[in-house]
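Engineer: Which chain is which? The protein sequence lines are D and G, in order.
Residue numbers are given in this note's numbering: position 138 of the first sequence equals residue 138, and the series is strictly consecutive.
Residue numbers are given in this note's numbering: position 104 of the second sequence equals residue 104, and the series is strictly consecutive.
Just so you know, these hints were derived from the structure itself, not from any lab.
One side only, chain G facing chain D, incomplete, derived with CB under 8 Å:
id, residue
1, LEU126
2, GLY127
3, SER130
4, LEU131
5, VAL133
6, TRP141
7, LEU149
8, GLY152
9, GLU163
10, PHE180
Subject to a maximum C-alpha distance of 20 Å in a straight line, what follows is the list of computed SDA-like cross-link-like pairs (lysine to any residue):
id, chain 1, residue 1, chain 2, residue 2
11, D, LYS128, G, LEU342
12, G, LYS77, D, SER30
13, G, LYS146, D, ILE73
14, G, LYS332, D, VAL158
15, G, LYS77, D, SER33
16, G, LYS77, D, HIS26
17, G, LYS332, G, ILE164
18, D, LYS128, G, SER179
19, D, LYS128, G, ASP184
20, D, LYS128, G, ASN119
21, D, LYS128, G, MET174
22, D, LYS128, G, ALA188
23, G, LYS77, D, GLN24
24, D, LYS128, G, ALA350
25, G, LYS77, D, ILE73
26, G, LYS77, D, ILE28
27, G, LYS146, D, PHE71
28, D, LYS128, G, ASP117
Here a beta-carbon is modelled for each residue, glycine too, at the ideal position from N, C-alpha and C.
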Amino acid sequence: MLHLIIFLVFGLICVAGAVNLLVQSHPINSALSLIAVMASLAVEYLLLGAEFVAAVQVIIYAGAIMVLFVFVIMLLNAGVEERTSGSKVAVIFGVPGVLIGSALVAWVLLTRSDTNPVNVGALPGDPKTIAGLLFHDFLLPFEITSVLVLIAIMGAVVLASHPESVQQAKREG
Amino acid sequence: MLSVGTFVLVSIIKTVIALVVLLTAVAYSVWLERKVVGHMQNRWGPTRVGPFGLLQPLADGAKFLLKEDLTPPYVYKPLYIAAPMIAVVFALTSIAVIPVGNSVSLFGITTPLQITDVNIGLLVVLGVTSLGVYGIALAGWSSNSKYSLLGGLRASAQMVSYEIALGLSLIGVMITAGSFSLRDIVDAQGGTFLGFIPRWNIFQGQFVAFFIYLMAAFAETNRIPFDLPEAETELVAGYHTEYSAMKFAMFFMAEYANMITVACLASLLFLGGWHQPIGSEAWMQNAPQIVQAILPIFWFALRIFGFIFLYIWIRGTLPRFRYDQLMAFGWKFLFPLAIANLIVTALIVALKS
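One chain only, chain D, in its complex shape (with noise of 0.2 Å):
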């Protein structure tokens, strides 16, 4: 009982950030409400049991890539955006596209019978057993996503590098 209403609590911090990270004119409250929600939806992993992924999710999420979305908007001294009251399609279409979406997938939720919930700390998220998947049963996917990421990595370099710099080195050494 003491789970469920901490996961309310926290499922509904959780949307009231994602909401409030839209609302907010200035990036760095948006990012902040952005690191909100992904701390909220690691207590949210925990007490469904993964708590490995909870961990990670606090340190390479709102731990690491956050600071970097932080470190850009404090870099670039992003000002507040500007307002424009021109987007009415979003109006029109979004809001009751949104909630006819949250509708819809509610109802099939509550008619399906075969659609358990998860109970609390059902999901088995013991590092032993997310490392026996990744390194065992999911080796060759979990390798070529490094690969992957080092492909963007380098991409990044050269995208970062300035060519006339380079050059100007060739030409020196």
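Knowing the structure of chain D, use the given hints to seat chain G on it.
Structural biologist: Using the frame of chain D, we list chain G on its own:
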């Protein structure tokens, strides 16, 4: 199993004790630092308040509380106020999973000397410390001052960079012990080789990891020689330039609490935690209860004191890095070294099993 009421009561008592001890330790680390650096520089350090200046932390605390809390104009107020709180909250949170000794029995209740024993304890500490950088980064940004901003930028880049080397250096220890739980890692380090060398991880082939950890930890806590975020000769005081009174004190507390957390981790992971440093622990079986409870805490505290002293010693000895040297050191030296250590450790463990 304990009942829910007893569990809550015991947890609250443990939390209060841990926080009081931690904050006292923070206050007296500041005193120790001023005293030791003073003697290293041929001065006396604090002497006026109490014998040997021992009441200086109280005087400092009263001063921080009573000084005017200035909020400069043009700061971004919500984050300017929240930033020191974020820093100090995350610095104090990680103590929750750090064990300080064996279990104790008191009034018929047996409880481990740790606020909570989670089996991913090490990852929790890493996660919480990685969130601590927001306090510094947001303080730098929301102050709306160029020195603060530069300090905040330096801090976030430096802490993200060194976190990688720090995390990788810990993986070797995890592989050797086969667990993420800090208590299991310490338990695996009991006993001796050949009768006199303790089975600490540093003697189990993790000495390279220990030095990587030590250097990365100095950078993570923004201490000399890596205190670029608050380099006073370049940036006035870095990210906390615009802060005064209690808000400034919160950053100070966060820095010293982080130092203590890092020292706790170092002694738990590499130096055998609360195990007796010399000789066999067999005599402890027959010792009275109180000795069995207190002595491990004493050994643990001794190691932490050693680390704090090392921090201060290095502060009194080394000059500050240049920023490009700092980044090159982290990425081109510590990072590859940590990966090499990880691969070698994994190979050795795999060949042994």
